Amino acid sequence: MRLLLYLYPRRWRRRYLHEVEAVLEHEPRSLVVCVDLLRGALDAHLTLRRGRDQRTSVPIPLSVGLLLAGGVTLAVGTEAGARAGIPVGAVLALIAAGIMLRRLGLPSRRRRGDRGDGDPGHGAPVPRKPLPGSPRLAATLRAIRSRRRPAAAEQLHEEVEPEYQETIRQRFSA
Amino acid sequence: MYHIQMHRSSIGPLDLGRFEEPAVLILTSLLDGPRHGYAIVKDVEAVSEVHLGPGTLYATLARLEARGLIEALPADDRRRPYRITDAGVELARGRLERMRRIAHAGLARLSRA
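Keeping their order, the protein sequence lines are chains A and B. According to my numbering, the first sequence is numbered sequentially starting from 1. According to my numbering, the second sequence is numbered sequentially starting from 175.
Calculated from the structure, these hints are not laboratory results. Note that the structure is a prediction, hence the values are computed from the model and not measured. Hints may be right or wrong, so weigh each one.
Unchecked claim - Looking from chain A toward chain B, a few residues come up when the C-beta cut is under 8 Å (computed):
hint, residue
1, 19
2, 22
3, 27
4, 32
5, 33
6, 36
7, 44
8, 45
9, 46
Stated by the list, open to error - 25 Å max Cα-Cα, derived DMTMM-like pairs, lysine to aspartate or glutamate:
hint, chain 1, residue 1, chain 2, residue 2
10, B, 216, A, 21
11, B, 216, A, 25
12, B, 216, A, 27
13, B, 216, B, 206
To be verified - Chain B stretches covered by chain A per the calculated footprint, using a threshold of three residues with CB under 8 Å from any CB of chain A:
hint, segment
14, 252-264
15, 270-284
Each residue gets a CB set at the ideal place from its N, CA and C atoms; glycine is no exception.
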């Protein structure tokens with residue numbers, strides 16, 4: 001049953017794994033507990049995704065409406081759609097399914113800077129760790145790192161004050 | 175429709191969804207003092223005859239902690255006790271008083287029936 005705990009997100013496990021293992025020692029092995037753990041794992045994934053990805057803005061009622069419209073069109077309009085040569089219902093249903101998946105955050109990419117550490121378990125967005133030094137230097141470092149240009153880093157290394165040179169060296173050796 | 179309205183009014187500003195009932199049970203358990211996971215499970219079982227599975231228990235604890243209704247204390251070996259916060263006490267008071275009103279009204283109507 002402990003293997004089921006590895007279905008949970010890594011951030012969740014880092015925070016709760018040992019506690020849940022301690023509770024599981026007292027639980028009898030049963031299907032009910034397995035289903036409960038599976039539901040918990042799904043919930044943890046969805047909660048973390050929702051907390052991480054706030055970019056989706058399509059409301060759920062619209063998504064559901066599109067899905068229903070697609071389903072109805074697919075069910076009653078197949079013949080008309082076939083005459084027109086366009087599977088309208090299927091297209092609508094696919095769009096709605098895509099929107100709903102996006103709403104759930106399933107295909108979302110990881111936010112830059114979110115490496116899975118920080119506050120786990122309840123999906124709170126993880127703030128980026130600020131770079132030390134001046135804001136201008138930090139912004140420059142971020143821009144250069146994103147482009148992966150070692151030459152530019154070397155140039156910056158020589159230009160900035162000595163107190164920042166160590167920071168640059170650490171950032172690029174990481 | 176009645177079910178939906180009742181569900182919404184019981185949630186209030188804290189949208190706990192299907193974890194509403196476990197949340198009230200856990201908060202009620204923690205009113206007696208800090209407890210770790212298994213101690214919460216046993217106490218809830220003794221008080222309400224409801225068994226909280228580990229998945230439900232920790233999904234609810236995470237939500238309560240995120241909302242500042244409980245806080246985690248330093249871990250003792252693998253067990254980490256949780257303590258109810260002032261906000262948690264207030265929420266528990268509101269929910270329990272509401273349950274008492276429902277129980278009172280229901281029992282009074284049953285006695286008349």
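Against the structure, the hints:
The interface hint given for residue 19 of chain A is met, as the beta carbon of that residue sits about 5 Å from the closest beta carbon of chain B, less than 8 Å. The beta carbon of residue 22 of chain A is positioned within 8 Å of a beta carbon in chain B (closest approach about 4 Å), and the interface hint is therefore held. Hint on residue 27 of chain A holds. Least Cβ distance to chain B is approximately 6 Å, under the 8 Å limit. A hinted interface residue such as residue 32 of chain A counts as satisfied when its beta carbon comes closer than 8 Å to some beta carbon of chain B; here the least separation is about 7 Å, so the hint holds.
Interface hint status for residue 33 of chain A: upheld, as the beta-carbon distance to the closest one in chain B is roughly 6 Å, under 8 Å. Hint on residue 36 of chain A holds. Least Cβ distance to chain B is approximately 3 Å, under the 8 Å limit. About 7 Å separates the beta-carbon of residue 44 of chain A from the nearest beta-carbon of chain B, less than 8 Å, and the hint is met. A least Cβ separation of about 11 Å between residue 45 of chain A and chain B goes past the 8 Å threshold, and the interface hint is therefore violated.
A distance limit of 8 Å between C-beta atoms decides the matter here; for residue 46 of chain A the minimum to chain B is near 10 Å, and the interface restraint is violated. At most 25 Å may separate the alpha-carbon atoms for a hinted pair to count; residue 216 of chain B and residue 21 of chain A meet this at roughly 16 Å. Using a Cα cut-off of 25 Å, the hinted pair residue 216 of chain B and residue 25 of chain A holds, with the two alpha carbons roughly 13 Å apart. Of the supplied pair hints, the one linking residue 216 of chain B and residue 27 of chain A holds, its CA atoms being roughly 11 Å apart against a limit of 25 Å.
Taking the CA atoms of residue 216 of chain B and residue 206 of chain B, the gap is near 13 Å; set against the 25 Å cutoff, the hint holds. Counting residues of the segment 252-264 of chain B whose C-beta lies closer than 8 Å to any C-beta of chain A gives 3; at least three are required, and the coverage claim holds. Counting residues of the segment 270-284 of chain B whose C-beta lies closer than 8 Å to any C-beta of chain A gives 0; at least three are required, and the coverage claim is violated.
The earlier numbered hints that this structure contradicts are 8, 9, 15.
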